[in-house]
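Guided by the hints, dock chain B onto chain A, whose structure is given.
As given, the protein sequences belong to chains A and B, one line each in that order. Letter 1 of the first sequence, counting from 1, is numbered 1 in UniProt numbering, and no numbers are missing. Letter 48 of the second sequence, counting from 1, is numbered 48 in UniProt numbering, and no numbers are missing.
There's no promise every hint is true.
The list treats identical chains as interchangeable, and a pair is accepted whether it falls inside one copy or across any two copies.
As the list claims (entries may be wrong) - Calculated cross-link-like contacts (lysine to aspartate or glutamate; reagent style EDC-like; alpha-carbon spacing at most 20 angstroms): (1) K24 - E3; (2) K24 - E61; (3) K42 - D64; (4) K42 - E15.
Hint data in this document are derived by calculation from the structure and do not stem from the laboratory. Predicted model, so just to flag it, every value in this text is computed and none were measured.
2 protein chains.
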Amino acid sequence: MCEANVYLLNEKGEERLFLESVDKIIPNGDELCLEDIFNRKKYIKAKIKEMELVEHRIILEKID
Amino acid sequence: MCEANVYLLNEKGEERLFLESVDKIIPNGDELCLEDIFNRKKYIKAKIKEMELVEHRIILEKID
Numbered sequence: 001m002c003e004a005n006v007y008l009l010n011e012k013g014e015e016r017l018f019l020e021s022v023d024k025i026i027p028n029g030d031e032l033c034l035e036d037i038f039n040r041k042k043y044i045k046a047k048i049k050e051m052e053l054v055e056h057r058i059i060l061e062k063i064d
Numbered sequence: 001m002c003e004a005n006v007y008l009l010n011e012k013g014e015e016r017l018f019l020e021s022v023d024k025i026i027p028n029g030d031e032l033c034l035e036d037i038f039n040r041k042k043y044i045k046a047k048i049k050e051m052e053l054v055e056h057r058i059i060l061e062k063i064d
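Looking at chain A on its own, in the form it has when it is part of the complex:
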């Protein structure tokens, strides 16, 4: 499966796991809707900083 783990950068610039096994990401304004392979959804005001699909990594940055 080609889902990714989504990490959120904290104030110190450290990556913290936000949601595992993410299948879908749908941006909507300044919010992202993340959906994992079990159809669980999580919403966050953030933007994508970087995606490395082969490494299954997506890094988010909070929007203040």
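Frame of chain A; chain B shown alone:
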């Protein structure tokens, strides 16, 4: 491998293949830097409309 194919929506709302086998996406302002698994890079003024990683699909929308 868990790369994705990136499609760009045209004026008619149809998806057109923009870049295959994309590994990395790095947003920078209103531009996206896409890098495929062969380290070929392509830049485009666009935003991510939708990602379906399990389906290896990423849809972009041009920014005017």
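Given identical chains, is K42 near E15, meaning Cα to Cα at most 20 angstroms, within a copy, between copies, both, or neither? Within one copy, since 17 angstroms is at most 20 angstroms while 27 angstroms is not.
If the cutoff is 20 angstroms on CA atoms, where do K42 and D64 land: within, between, both or neither? Let me know, please. within (18 angstroms within a copy, 30 angstroms between copies)
20 angstroms Cα threshold - placement of E3 relative to K24: Both ways: K24 and E3 sit 8 angstroms apart in one copy and 14 angstroms across, limit 20 angstroms.
Please sort K24 with E61 into within, between, both or neither, judging by C-alpha distance up to 20 angstroms. Close inside one copy (17 angstroms) and across copies (16 angstroms); limit 20 angstroms.
Consistency with the previously given hints is maintained throughout, with no hint failing.
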